[in-house]
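In order, the protein sequences belong to chains A and B. Going by this note's numbering, the first sequence runs without a break in its numbering and finishes at 172. Going by this note's numbering, the second sequence runs without a break in its numbering and finishes at 38.
Mixed in with the good hints there might be a few duds.
Subject to a maximum C-alpha distance of 25 Å in a straight line, what follows is the list of computed DSS-like cross-link-like pairs (lysine-lysine) [said to hold, decoys possible]:
id, chain 1, residue 1, chain 2, residue 2
1, A, Lys-103, A, Lys-136
2, B, Lys-30, A, Lys-20
3, A, Lys-48, B, Lys-30
4, B, Lys-30, A, Lys-10
5, B, Lys-26, A, Lys-81
6, A, Lys-61, B, Lys-26
7, B, Lys-30, A, Lys-63
8, A, Lys-147, B, Lys-30
9, A, Lys-6, B, Lys-26
Because the hints were derived from the structure by calculation, they are not lab data. Keep in mind it's a predicted model, so treat the numbers as computed, not measured.
Here is how the chains run, residue by residue.
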Amino acid sequence: MEFEIKEIPKNSEEANYNLKVVIVGDSGVGKSNIINRYCNDQFYQDGKATVGVELENKFFKIKNDVLNVSIWDTAGQERFKSITNAYYRGAHGVIVVFDLTRKETFENCNNWFSEVKGNNQNLKNLLLIGNKSDLKDMRQVTEERGKEMAEALSNLLNFDYSFIKISTIKEC
Amino acid sequence: MLIKHILDVAYFETSALDNSDRNINKAFIKLVESKILL
């Protein structure tokens, strides 16, 4: 399928499609900085921890359609989990972020994935991001391990999806 | 096989400090593309 995806300025045209993306991961992995770099091309060296949930929007033109991608930035801290869980529902895509220089944040990706999946059974689009790749000397997670984790998550998703398909066929 | 292809989890390494490889942009575009294809 051939199509051009073009970024357009915020609110320059009325969107006829919406895409909800939620970004999750441990506190301090750089979720807000990723969004801020992408949406505003800015980076805050001394960024504050996100409180609850924050929202940014990005607009795209695809053929004659306008797509509004709303990016929900969630707090990684444990004390906000009851608030952030509600935002997983209805998400079309989820980005799980870990810090390449902190192995424990990588090991927690499975927990984040389970939590999101538990609150959104229809989840199909998932990205795994290892952030802070500029800190090469401090790396604790190799690119190979990151790819392995992505593959393991793919297999989990595919298993769930196959199970749903088989159940549906049996019901018919 | 088709199901596996569609539901692959993409992996990106990014730097919010120095996004000169534009991997952050590529990651978000990948999500948008996936939504269109699904």
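Hints and how they fare:
1. Pair hint A/Lys-103 plus A/Lys-136 holds up; C-alpha atoms about 14 Å apart against a cutoff of 25 Å.
2. Among the hinted pairs, B/Lys-30 with A/Lys-20 is consistent with the structure: their alpha-carbon atoms are about 14 Å apart, no more than 25 Å.
3. Restraint check for A/Lys-48 and B/Lys-30: not satisfied, since their Cα atoms lie roughly 28 Å apart, outside the 25 Å limit.
4. Proximity of B/Lys-30 to A/Lys-10 is assessed by CA-CA distance (about 20 Å); at most 25 Å being required, the pair is judged to hold.
5. Note on B/Lys-26 and A/Lys-81: the hinted pairing is violated, with a Cα-Cα distance of about 29 Å set against a maximum of 25 Å.
6. The straight-line distance between the Cα atoms of A/Lys-61 and B/Lys-26 is roughly 16 Å, inside the 25 Å bound, and the hint therefore holds.
7. Pair hint B/Lys-30 plus A/Lys-63 holds up; C-alpha atoms about 17 Å apart against a cutoff of 25 Å.
8. Distance hint between A/Lys-147 and B/Lys-30 is fulfilled; the C-alpha atoms sit about 16 Å from each other, no more than 25 Å.
9. Between A/Lys-6 and B/Lys-26 the CA atoms are separated by roughly 13 Å; this keeps the pair inside 25 Å, and the hint holds.
When held up to the earlier numbered hints, the structure conflicts with 3, 5 and fits the remainder.
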